[in-house]
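Visitor: For this one, chain A is given, so just place chain B on it according to the hints.
Protein chains: 2
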Amino acid sequence: MTLSLYSDEQYMREALKQARYALAEDEIPIGAVVVMDKQIIARAYNQTEKLRDVTAHAEMLALTAAANFVGNKYLAECTLYVTVEPCVMCAGASFWAQVKRVVYGASEEKRGFRRYGNLLHPRTELVTGILADECAALMQEFFTQKRK
Amino acid sequence: MTLSLYSDEQYMREALKQARYALAEDEIPIGAVVVMDKQIIARAYNQTEKLRDVTAHAEMLALTAAANFVGNKYLAECTLYVTVEPCVMCAGASFWAQVKRVVYGASEEKRGFRRYGNLLHPRTELVTGILADECAALMQEFFTQKRK
Chain A
945 MTLSLYSDEQ YMREALKQAR YALAEDEIPI GAVVVMDKQI IARAYNQTEK
995 LRDVTAHAEM LALTAAANFV GNKYLAECTL YVTVEPCVMC AGASFWAQVK
1045 RVVYGASEEK RGFRRYGNLL HPRTELVTGI LADECAALMQ EFFTQKRK
Chain B
945 MTLSLYSDEQ YMREALKQAR YALAEDEIPI GAVVVMDKQI IARAYNQTEK
995 LRDVTAHAEM LALTAAANFV GNKYLAECTL YVTVEPCVMC AGASFWAQVK
1045 RVVYGASEEK RGFRRYGNLL HPRTELVTGI LADECAALMQ EFFTQKRK
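For the protein sequence lines, the chains are A and B, in the order given.
So the first sequence is numbered by my numbering: it starts at 945 and just counts up by one.
So the second sequence is numbered by my numbering: it starts at 945 and just counts up by one.
Chain A on its own, in the form it takes in the complex (with noise of 0.2 Å):
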């Protein structure tokens, strides 16, 4: 199998080095990246205990130093990467920044966006399930290594 320097799984994958500098860190492991031209413009991942903030998630941290680096507080031409399916305040945000597409790898079914309805923007594509075992088994190593 070939892959494109520029396919999602490409880009997917950048987020998940994200992802694993937040296990690191002993944080939920989830990462982000952001991709505009091609061009990844902005990485982070969740650092809510660093922080001791609920708003430190990958995704609010990504889309900031996205608008930071366009200039721009619409990132109409951006996608936003994510290994975990936003929550809801993560899907808000992408909203207002009317990012082009998102695109996630795991699903999350309790405090994902998508049991609330299409909270993104009209004009925002959603990709689903990109390297969604990868992004999933990473998650799943944080909790059991918490509940030992």
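Be aware that a few hints might be false.
Identical copies go unnamed one by one, so any copy, or any two together, can satisfy a pair.
[What the hints assert, rightly or not] Here are the simulated lysine to any residue pairs, SDA-like style, with alpha carbons at most 20 Å apart:
| # | residue 1 | residue 2 |
| --- | --- | --- |
| 1 | 1054 | 952 |
| 2 | 1092 | 970 |
| 3 | 994 | 1020 |
| 4 | 994 | 1009 |
I should point out that these hints are in silico values taken from the structure, not numbers from a laboratory.
Guide: Using the frame of chain A, we list chain B on its own:
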């Protein structure tokens, strides 16, 4: 009429002050304060234009500031006062923070969270309509001005 020093109305007046700062800076005029043990521990107003960041809603900035103040990401003893019904993003943030109460002024039928059901934490009490007319009037003033 006598007003308690610690009434919801009094705290909403402080949130309205914040909203007026937003208006003065040509931001959508929404303000918020967070109260714990009758003390205001955080004040913020919408800064999405200035910061070019969709996540810089009054509620988000106030919740982050409050968490910094108490040194805990959970705000289970705090009340969030905000002049306008929170959006999905901000409702999601207050869910994660498990705030004790959310008190808002004016309803927001289009962008408010309530059309999506109760997105708040099961433990969170919701109070609505406090100084609603004043809160709505500020929004009206902003949008009327914008259309000119």
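Visitor: Evaluate each hint against the coordinates.
Guide: Hint by hint, here is what the structure shows:
1. 1054 <-> 952: neither (25 Å within a copy, 33 Å between copies)
2. 1092 <-> 970: within (14 Å within a copy, 52 Å between copies)
3. 994 <-> 1020: between (30 Å within a copy, 19 Å between copies)
4. 994 <-> 1009: Both. Shortest intra-copy (18 Å) and inter-copy (15 Å) distances satisfy the 20 Å Cα cut-off.
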